[in-house]
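Taken in order, these protein sequences are the chains called W and Y. If you're matching positions, the first sequence starts at 51 in my numbering and goes up one per residue. If you're matching positions, the second sequence starts at 4 in my numbering and goes up one per residue.
It cannot be assumed that every hint is accurate.
[Unchecked claim] As a list, the in silico DSSO-like pairs of lysine-lysine whose alpha-carbon atoms are at most 30 Å apart:
1. Y:168 to Y:46
2. Y:68 to Y:245
3. Y:168 to Y:57
4. Y:68 to W:264
5. Y:245 to Y:57
6. Y:38 to W:193
7. W:267 to W:87
8. Y:38 to W:267
9. W:193 to Y:46
10. Y:194 to Y:108
11. W:87 to W:264
12. Y:245 to Y:261
13. Y:189 to Y:254
14. Y:38 to W:264
15. Y:97 to Y:108
[Said to hold, decoys possible] Heads up, incomplete: computed chain Y residues facing chain W, CB under 8 Å, no partners named:
16. 9
17. 13
18. 35
19. 36
20. 198
21. 199
By construction, these hints were calculated from the structure, which means they are not laboratory data. Glycine included, every Cβ here is placed at the ideal spot set by N, Cα and C.
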Amino acid sequence: MSSLMIYNLSNYAQWLGSFVIMSLVLASYTRYDGSIKILGLMGLVSVVLQFLQTGSQVFFGVRYLNAIGDCYVFLETLLFLAFYYVFFVNNRYLRLALLGSAFLSVSIYGMVLLGNTTYPWYAVLSATRSVLLIFFSVVAFFKLLADLPNNNLLSIPTFWFNSGILFFFSCTFILSLTMDYIAQVLRDDFQFFWAFKNFLRAGFCVVICIGIWKARKLADQTGPKNTIS
Amino acid sequence: MEPARIDFIVMFSIATAVMLLLALSIILFVIFYQKRILSEQLKRQLLEAGYQQKMLEAALESQEKERSRLASDLHDSVGAMLSTIRLTLHPVVKAGNGQPLDQTKQLLDETIETVRRISRDLLPASLERFGLSHAVQEMCERINMSGIIEVQLSESGHKIEMDKKREVMVYRIIQEMINNAIRHSKASLLKVQLVWTETLDIIIQDNGQGFDYEGFKDHHNASKAGLGLYSIETRVSLLGAKLDYSTVFPKGSQFTVKVPTAA
Chain W
51 MSSLMIYNLS NYAQWLGSFV IMSLVLASYT RYDGSIKILG LMGLVSVVLQ
101 FLQTGSQVFF GVRYLNAIGD CYVFLETLLF LAFYYVFFVN NRYLRLALLG
151 SAFLSVSIYG MVLLGNTTYP WYAVLSATRS VLLIFFSVVA FFKLLADLPN
201 NNLLSIPTFW FNSGILFFFS CTFILSLTMD YIAQVLRDDF QFFWAFKNFL
251 RAGFCVVICI GIWKARKLAD QTGPKNTIS
Chain Y
4 MEPARIDFIV MFSIATAVML LLALSIILFV IFYQKRILSE QLKRQLLEAG
54 YQQKMLEAAL ESQEKERSRL ASDLHDSVGA MLSTIRLTLH PVVKAGNGQP
104 LDQTKQLLDE TIETVRRISR DLLPASLERF GLSHAVQEMC ERINMSGIIE
154 VQLSESGHKI EMDKKREVMV YRIIQEMINN AIRHSKASLL KVQLVWTETL
204 DIIIQDNGQG FDYEGFKDHH NASKAGLGLY SIETRVSLLG AKLDYSTVFP
254 KGSQFTVKVP TAA
């Protein structure tokens with residue numbers, strides 16, 4: 051199996067994962083609260099941008115449009131921050147930190163747009179958001195422990211969302227840091243590393259789907275409830 | 004493959020594996036920490052429940068002791084004095100022919116009977132001497148003799164020896180249930196069944212007006228009747244028994260208590 055085939059396979063796997071997330075949320079949109087709707091929107095953004103990327107390759111013969119990838123990373127970062135903004139509903143300081151993080155992301159993306167080279171900034175944005183999201187997921191875990199000590203954690207959707215975020219961004223942190231080096235020095239292996247990232251994202255999607263399924267079960271029992279105060 | 008490339012891939016793999024392990028250890032820590040909190044909470048709740056049960060047992064035991072003391076005081080002291088007065092009054096009644104003295108003697112007889120009844124209700128001597136079945140039978144006979152309500156007692160199965168403390172609690176449950184039926188059901192017939200199997204099943208059925216059991220269970224709004232039911236439930240809980248209520252058609256109600264014969 052060639053590295054291109056592996057890359058394509060990984061691409062379809064993560065695309066399918068995003069599609070499933072989007073479908074699950076859209077299927078029962080009104081039953082879920084804000085944080086899950088944001089995850090659904092993230093799935094939608096991923097599906098649409100992936101479609102544009104593939105379309106540009108098929109119809110216009112463009113190998114890879116960096117602008118679409120950059121746009122996706124930027125939007126995904128903002129959506130993840132929005133997810134935690136909804137989750138930390140009653141914590142003013144964490145919400146301020148999230149707003150600060152969003153501002154930081156917008157600033158870095160602004161530099162990407164203004165600058166000529168994309169990859170260094172892309173790597174900076176990617177690594178920064180990994181650190182930020184790892185931090186917020188750990189804080190969210192501790193908040194879950196503090197606020198819901200009597201519930202079975204495995205039945206709480208937020209536990210799965212957090213686990214997915216922590217798992218994905220921890221594993222891709224090193225990749226984000228070294229992306230610039232890989233793109234410039236290990237050009238031949240780039241597809242292999244990117245495929246690794248895509249497979250991790252497919253795994254992340256599976257964990258998020260478990261969380262949405264748990265939220266659906268919870269909504270069947272008690273009505274929409276996922277945020278904690 | 005170039006050595007630099009191999010080095011990078013090795014370093015990359017190790018660093019990513021370390022990050023993955025860190026993430027997994029955080030997730031596992033959260034899961035196990037929460038489980039530990041839950042198990043500690045459960046332990047504390049069990050301890051509290053055990054303590055509460057012991058407190059209830061002690062309260063009921065002291066109540067029984069107090070009843071026993073009162074019963075023996077009434078029987079041995081007040082009852083004996085009243086009997087002595089009756090005996091000393093007897094020759095005076097016989098010698099004289101005044102109606103007031105006859106009335107006094109009659110009142111005295113009634114008082115002696117009332118003292119005996121109160122004493123029996125407080126602590127039936129037959130429960131101590133002959134056991135639960137006999138004491139319940141005696142209670143039913145007494146009620147039948149009073150003519151307030153007809154009580155039919157039936158007993159089936161092989162009797163199992165029970166601890167005295169448990170017998171007293173079972174007796175109090177039956178007593179309270181019969182009293183409730185007499186006071187509130189407006190029934191003319193009360194059936195009491197004692198069925199001995201692995202458990203002792205007490206079935207008390209009346210042909211009265213029935214009642215709203217759930218409403219009665221609301222102890223906060225309950226009055227005296229609610230307290231009666233509360234004391235039944237407390238004893239049922241201490242015995243590790245199970246209390247069921249059902250409506251009997253066309254009218255009436257039925258209480259079933261399943262009491263484990265061993266503690």
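Structure-based check of each hint:
no.	hint	result
1	Y:168 to Y:46	holds, 28 Å
2	Y:68 to Y:245	holds, 26 Å
3	Y:168 to Y:57	holds, 14 Å
4	Y:68 to W:264	violated, 56 Å
5	Y:245 to Y:57	holds, 19 Å
6	Y:38 to W:193	holds, 16 Å
7	W:267 to W:87	holds, 16 Å
8	Y:38 to W:267	holds, 22 Å
9	W:193 to Y:46	holds, 24 Å
10	Y:194 to Y:108	violated, 37 Å
11	W:87 to W:264	holds, 14 Å
12	Y:245 to Y:261	holds, 5 Å
13	Y:189 to Y:254	holds, 11 Å
14	Y:38 to W:264	holds, 19 Å
15	Y:97 to Y:108	holds, 11 Å
16	9	violated, 11 Å
17	13	violated, 12 Å
18	35	violated, 10 Å
19	36	holds, 7 Å
20	198	violated, 40 Å
21	199	violated, 42 Å
In this structure, the earlier hints numbered 4, 10, 16, 17, 18, 20, 21 are contradicted, and the remaining ones agree with it.
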